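**Q** Here is how the chains run, residue by residue.
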Amino acid sequence: MRKLIVAATAAILCSTAIALADTVGPNEVKIVDAAVEGSLSGQAGDAAAGRDIMINRKLGNCLACHQNSEIPEQPFHGEVGPPLDGVADRWSEGELRAILVDVKTAMNPDSIMPSFYSLNLGVRVAESFAGKTILQAQQVEDVLAYLMTLKEE
Amino acid sequence: MINRGGIVAALGLSALMAMIVAPAHADPDNNQLIIDGEVIITDVAAPDDSPLDRIYSGWRFRSPETQSLQMDDFENPGFVAVDDAIESWDTAEGSEGKSCASCHSDPSSLAGLRTTLPKWDEATNKPATMENLINRCRTDRMGAEAWGWEQKEMVNMTALVSLQSRGMPVNVQTDGPMAEWIEKGKDLYYTRVGQLNMSCSNCHEDNYGNQIRSDHLSQGQVNGFPVYRLKWAGLGSIHRRFKGCMENIRATPFKRGSDEFIALEAYVASRGAGLAVETPSVRN
Numbered sequence: 000m001r002k003l004i005v006a007a008t009a010a011i012l013c014s015t016a017i018a019l020a021d022t023v024g025p026n027e028v029k030i031v032d033a034a035v036e037g038s039l040s041g042q043a044g045d046a047a048a049g050r051d052i053m054i055n056r057k058l059g060n061c062l063a064c065h066q067n068s069e070i071p072e073q074p075f076h077g078e079v080g081p082p083l084d085g086v087a088d089r090w091s092e093g094e095l096r097a098i099l100v101d102v103k104t105a106m107n108p109d110s111i112m113p114s115f116y117s118l119n120l121g122v123r124v125a126e127s128f129a130g131k132t133i134l135q136a137q138q139v140e141d142v143l144a145y146l147m148t149l150k151e152e
Numbered sequence: 000m001i002n003r004g005g006i007v008a009a010l011g012l013s014a015l016m017a018m019i020v021a022p023a024h025a026d027p028d029n030n031q032l033i034i035d036g037e038v039i040i041t042d043v044a045a046p047d048d049s050p051l052d053r054i055y056s057g058w059r060f061r062s063p064e065t066q067s068l069q070m071d072d073f074e075n076p077g078f079v080a081v082d083d084a085i086e087s088w089d090t091a092e093g094s095e096g097k098s099c100a101s102c103h104s105d106p107s108s109l110a111g112l113r114t115t116l117p118k119w120d121e122a123t124n125k126p127a128t129m130e131n132l133i134n135r136c137r138t139d140r141m142g143a144e145a146w147g148w149e150q151k152e153m154v155n156m157t158a159l160v161s162l163q164s165r166g167m168p169v170n171v172q173t174d175g176p177m178a179e180w181i182e183k184g185k186d187l188y189y190t191r192v193g194q195l196n197m198s199c200s201n202c203h204e205d206n207y208g209n210q211i212r213s214d215h216l217s218q219g220q221v222n223g224f225p226v227y228r229l230k231w232a233g234l235g236s237i238h239r240r241f242k243g244c245m246e247n248i249r250a251t252p253f254k255r256g257s258d259e260f261i262a263l264e265a266y267v268a269s270r271g272a273g274l275a276v277e278t279p280s281v282r283n
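Chains V and R supply the protein sequences, listed in that same order. Counting in numbering that gives the first Met the number 0, the first sequence runs from 0 upward without gaps. Counting in numbering that gives the first Met the number 0, the second sequence runs from 0 upward without gaps.
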């Protein structure tokens, strides 16, 4: 029921202009033991939407760096990061959320991986991206929901 | 919510760290660049202070189709620009009624120049790039208007002059007054920029040889510039390429000809010391 009300509210108001009561802002995310517990948006993720975000070069573009056998229709998969096959066997949901949010704080300050829900950015951020995270809270949850389907065991 | 506890998390963490800290380099290919029967060196031992063991021309990371375009000057689309520049070379411009040929006779008189650039310039008390030197000739000797950094005539002329050094090893000065600029360029090279928060080194030092989606990452060497890029359908300068990289990372780029890009050009050139000049090279 609450989900319905929130969805209706979001539809009425401009969804980017309001901070949903349950949304955790990028500066409020708590990374504890290399994990972030609880949905950033207060909502469950949509795995199908997450799959699209992973492919989309303007959004996640995860395929730029990661090979993923579950997306065979896309021709170019990167080799920069580890393959994503079976990623949900290797990491918990909270750990994967932390990796998406800000891998540099969660695990390795020297990682090349962008922090998708953090304002801890590089210098000289282009004006059109200043003060913005790469993904929105719900988009992170969507990608996460998709990643949790990547099991081999 | 799954919680696997500290030990498992720590093991997982160290496994990921190992993967991130020690990226696997896919080797460049073993093809040999031969133009007109002359072998152009495309890999050499890295300079002494390099973080790399061996340095490779970007040519070694391109597809055989792209590589072949550079192996025949008649197929190389960059030579259209060279031909245009030969015409400019002999054309008098400006209040002094001089052309490039008036002082330099044949372009071949400038053989070797490309290998030393950017180089320290007493007149301006900073390093000079080839663009800077060409414009100095135009304004001070010819009484002509300076060309824009990426203006077609300028890029064409830098291609013609650089071609005279093709096959000769890059050898930029890194000591003396250049040291400060090399250091400044090095700082920029390792500074993370933009919303994607990456430095030059993240891709071109740590991940050269790897695919980043459809792009095969090279070491980002500048020995082939100006380069004919198929993506640009034309020639472009080193600073244009720097600018494009910064934009990809969602950063505000420095301006072409800025002190920052001149410092970065000097540093990147020094990382490629020993590689042969390949201008005009052909890349994706």
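One or more of the hints may lead you astray.
[As the list claims (entries may be wrong)] Selected chain V positions facing chain R (Cβ under 8 Å, derived; list incomplete):
# : residue
1 : G24
2 : V28
3 : K29
4 : I30
5 : V31
6 : F75
7 : G77
8 : A125
Honestly, the hints are just simulated from the structure, not real lab data. Because the structure is a prediction, the values reported are computed rather than measured. Even glycine gets a Cβ: it sits at the ideal position worked out from N, Cα and C.
**Q** Now tell me, hint by hint, if it's right for this structure.
**A** Going down the list of hints, with the structure as the test:
1. G24: G24(V) check fails; min Cβ-Cβ to chain R is 17 Å, beyond 8 Å.
2. V28: With a closest approach of 16 Å, the V28(V) hint is violated.
3. K29: Where the cut-off is 8 Å and the nearest Cβ of chain R is about 14 Å from K29(V), the hint is violated.
4. I30: violated (12 Å)
5. V31: Violated - the Cβ of V31(V) stays beyond 8 Å from chain R, reaching only about 11 Å at its closest.
6. F75: holds (4 Å)
7. G77: holds (5 Å)
8. A125: holds (5 Å)
Taken one by one, the earlier hints fail for this structure at numbers 1, 2, 3, 4 and 5, listed in ascending order.
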